[in-house]
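Numbering (my numbering), first residue to last: 221 to 536.
Keep in mind the hints are simulated off the structure, nothing from the lab. Cβ coordinates follow ideal geometry from the N, Cα and C atoms, glycine included. Just to be clear, a hint being listed does not mean it is correct.
Pairs of lysine-lysine residues, derived as DSS-like cross-links and limited to a Cα-Cα distance of at most 25 angstroms, are as follows [claimed, not checked]:
1. Lys262 x Lys401
2. Lys409 x Lys395
3. Lys499 x Lys482
4. Lys262 x Lys395
Ranges of calculated distance between the beta carbons of each label pair, as one might list FRET restraints [unchecked claim]:
5. Glu369 x Ala237: 40 to 48 angstroms
6. Ala375 x Arg414: 26 to 34 angstroms
7. Arg405 x Gly473: 46 to 54 angstroms
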Amino acid sequence: MYCSISLNELTPERMRAYGPLSTEAADRLDGIRVELDGSVAKLRNYLGKGAGGDLQQRLQRLGRTSDEIRLLGEIERIITAHGLVEFRGTLSMLLDRMESAAFEVGVFGRVSSGKSSLLNYILQTDVLPIGVTPVTAIPTRISHGPVAEAGIEFAEAQPQIIPLSELPEFATEQKNPGNKKHVTRIFVKLPSDRLAEGVTFVDTPGLGSLAVAGAEETIAYLPRCDLGIVLIDASAGVTQDDLVVVQALYQAGASAMILISKADLFSASDREQMIAYVKANLRSELRVEPPVHGVVSLGQTPRCVIGGLKLNCARS
221 MYCSISLNEL TPERMRAYGP LSTEAADRLD GIRVELDGSV AKLRNYLGKG
271 AGGDLQQRLQ RLGRTSDEIR LLGEIERIIT AHGLVEFRGT LSMLLDRMES
321 AAFEVGVFGR VSSGKSSLLN YILQTDVLPI GVTPVTAIPT RISHGPVAEA
371 GIEFAEAQPQ IIPLSELPEF ATEQKNPGNK KHVTRIFVKL PSDRLAEGVT
421 FVDTPGLGSL AVAGAEETIA YLPRCDLGIV LIDASAGVTQ DDLVVVQALY
471 QAGASAMILI SKADLFSASD REQMIAYVKA NLRSELRVEP PVHGVVSLGQ
521 TPRCVIGGLK LNCARS
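Let's have the full structure, built from the sequences with the hints guiding it.
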């Protein structure tokens, strides 16, 4: 309660007594306040449920369907017995994945690496905004639904259902810089046959961008996916950000696949050398050997080449 009162005193209007605030400073201050207020709300919710009651009930429900739940139950007992509250969030995330029947595919990569373009091709749609600057402020979850629409959740406002044409207003760094609209989640529903089988795709914020908060959201999302597709820009090569993502995927128990985008900038022989170089880099740096393929666009009709298989597509 004291925290909530103190946070209420941090609004830009109340802080004017300390001197004038620029619009940028006021937006930044308000964003920090909302983030802290959300953390306090989570803490209040946790304390209200008691020490582990919610996790215990979820483990009991899952225990009827999976042998692995016994191990998670033992982990929960140790966390509760020793007060290791910092691990409760991770355990809760694992339970989220086990409770969901969907197979979640996260798409990762640096700004302008082609993440949204690839997803638009896979889903045969133009729903996701694309551009050469940071375009995804927070992860955008795409799953099956009877009607094409988007749901937006906010930290301090009621959720909204919007047409897909309005998605850039909330999902791009240009229209929502620094997430000043305080969007907490974006859900896209599409009547796609590929999604009807239980697959969910997540378009994540670009790594290494000026949208630092977006990059942090990407790292925080990593443990939630079952398969991570990491796009590496052929012109830039493997970066430290790429290595961090691949390593985090394996540490979270997920699988990884590497796609080298913009591979059409090189000849066929150079592409083969680049694929071999990326494989060798991953093997030496991380001691992992995920599948590595090239994605290219050729001429006026873009194509995708994945593992030697050419597919006509709207974008590379």
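Status of the given 40 to 48 angstroms range, CB of Ala237 versus CB of Glu369: 44 angstroms, holds
Distance restraint between Lys262 and Lys401, which requires alpha-carbon spacing of 25 angstroms or less: With Cα atoms ~20 angstroms apart, Lys262 and Lys401 stay inside 25 angstroms; holds.
Hinted pair Lys262 and Lys395, Cα distance within 25 angstroms: 28 angstroms, violated
25 angstroms Cα cutoff - pair Lys409, Lys395: 21 angstroms, holds
Satisfaction of the hinted span 46 to 54 angstroms by the C-beta atoms belonging to Arg405 and Gly473: The hint (46 to 54 angstroms, Cβ to Cβ) is violated, given that Arg405 and Gly473 are roughly 23 angstroms apart.
Cβ distance range 26 to 34 angstroms for Ala375 and Arg414, holds or violated: For Ala375 and Arg414 the Cβ distance comes to about 32 angstroms; the hint holds.
Hinted pair Lys499 and Lys482, Cα distance within 25 angstroms: Roughly 17 angstroms separates the two Cα atoms, so the pair holds.
Violated hints, in rising order: 4, 7; the structure is consistent with all others.
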